[in-house]
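Enquirer: In case you want the letters, here they are:
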Amino acid sequence: GAGVSQSPRYKVAKRGQDVALRCDPISGHVSLFWYQQALGQGPEFLTYFQNEAQLDKSGLPSDRFFAERPEGSVSTLKIQRTQQEDSAVYLCASSPYTLTGHADTQYFGPGTRLTVL
Amino acid sequence: QKEVEQNSGPLSVPEGAIASLNCTYSDRGSQSFFWYRQYSGKSPELIMFIYSNGDKEDGRFTAQLNKASQYVSLLIRDSQPSDSATYLCAVNTQGGSEKLVFGKGTKLTVNP
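Protein chains in written order, with our numbering: chain A, 5 to 121; chain B, 13 to 124.
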């Protein structure tokens, strides 16, 4: 079946512009995650949804970052007034919710590469 | 101290050799451990997960977990040039969130 999809794949923004990044999770996956990956680093957690509920947003670096998943499927990560330090790859991942007592495997989308000039 | 530590490498091995990748973590309550492979310019893809102490084998890959030492490793037997990539160790920390904490990754090069 289809994997996680993200759009756009590449985004160039001028400093101060607002951007919106979209994530389409695997059909039926309850959990959705956003990560930020800087060059040469591992992914860093931003936020996590279970269905439409945002259960953890502890990784959002500032109040310029906002995420939503209003119908429990597609999610949008919005960055307001972009800064150069926001340049990174933004990865979306989804997972089922299997209640095994262990964390479920997360499946990653291709990412959106954001460059802020 | 970073929560998940990996040697950034690069690690270079000849084709056919065993590659050994190591990871330590700081949260003693961590329960779930994952190894992802990431090719340059691509997104992470799952290789293996491990939950219990000991070894878990899947084809040429073996994950090893030692919770007492807070250590998890990945062995790749009969390494192939196509295994050349960055390997990311990821840990699910306790506290109710399903988030993963990633190490910086180890870059592996398998030389033909």
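Keep in mind that the hints were calculated from the coordinates and are not lab data.
Don't take each hint at face value.
[Stated by the list, open to error] Over the 12 Å line for every Cβ pair with chain B, so calculated as not near, a few chain A residues:
#: 1; residue: 23
#: 2; residue: 70
#: 3; residue: 88
#: 4; residue: 108
#: 5; residue: 114
[To be verified] Here are the computed lysine-lysine pairs in the DSSO-like style, where the Cα-Cα straight-line distance is at most 30 Å:
#: 6; chain 1: A; residue 1: 61; chain 2: B; residue 2: 54
#: 7; chain 1: B; residue 1: 54; chain 2: A; residue 2: 18
#: 8; chain 1: B; residue 1: 116; chain 2: B; residue 2: 54
Everything numeric in this text was worked out from a predicted model, so none of it was measured.
Backbone N, C-alpha and C fix where the C-beta goes; we use that ideal spot for every residue, glycine too.
Enquirer: For the pair supplied as a hint, residue 54 of chain B and residue 18 of chain A, confirm whether the alpha-carbon distance does not exceed 30 Å.
Expert: holds, 25 Å
Enquirer: Decide, holds or violated, for the assertion that all CB atoms of chain B are farther than 12 Å from the CB of residue 114 of chain A.
Expert: At about 5 Å from chain B, residue 114 of chain A fails to clear the 12 Å cut-off, so the statement is violated.
Enquirer: Does residue 23 of chain A sit more than 12 Å from chain B, CB to CB?
Expert: Per Cβ check, residue 23 of chain A is outside 12 Å of chain B; nearest 19 Å; holds.
Enquirer: Residue 61 of chain A and residue 54 of chain B: Cα distance at most 30 Å?
Expert: Between residue 61 of chain A and residue 54 of chain B the Cα gap is close to 25 Å, so the pair holds against 30 Å.
Enquirer: Regarding the assertion that residue 70 of chain A does not contact chain B, is the least Cβ-Cβ distance greater than 12 Å?
Expert: Fine: 18 Å to the nearest Cβ keeps residue 70 of chain A off the interface.
Enquirer: Non-interface claim for residue 108 of chain A: all C-beta distances to chain B beyond 12 Å?
Expert: violated, 7 Å
Enquirer: Beyond 12 Å from every Cβ of chain B: is that where the Cβ of residue 88 of chain A lies?
Expert: Nearest chain B Cβ is 21 Å from residue 88 of chain A, so the label holds.
Enquirer: Mind checking the alpha carbons of residue 116 of chain B and residue 54 of chain B for me, to see if they're no more than 30 Å apart?
Expert: holds, 15 Å
Of the numbered hints listed earlier, those contradicted by the structure are 4, 5.
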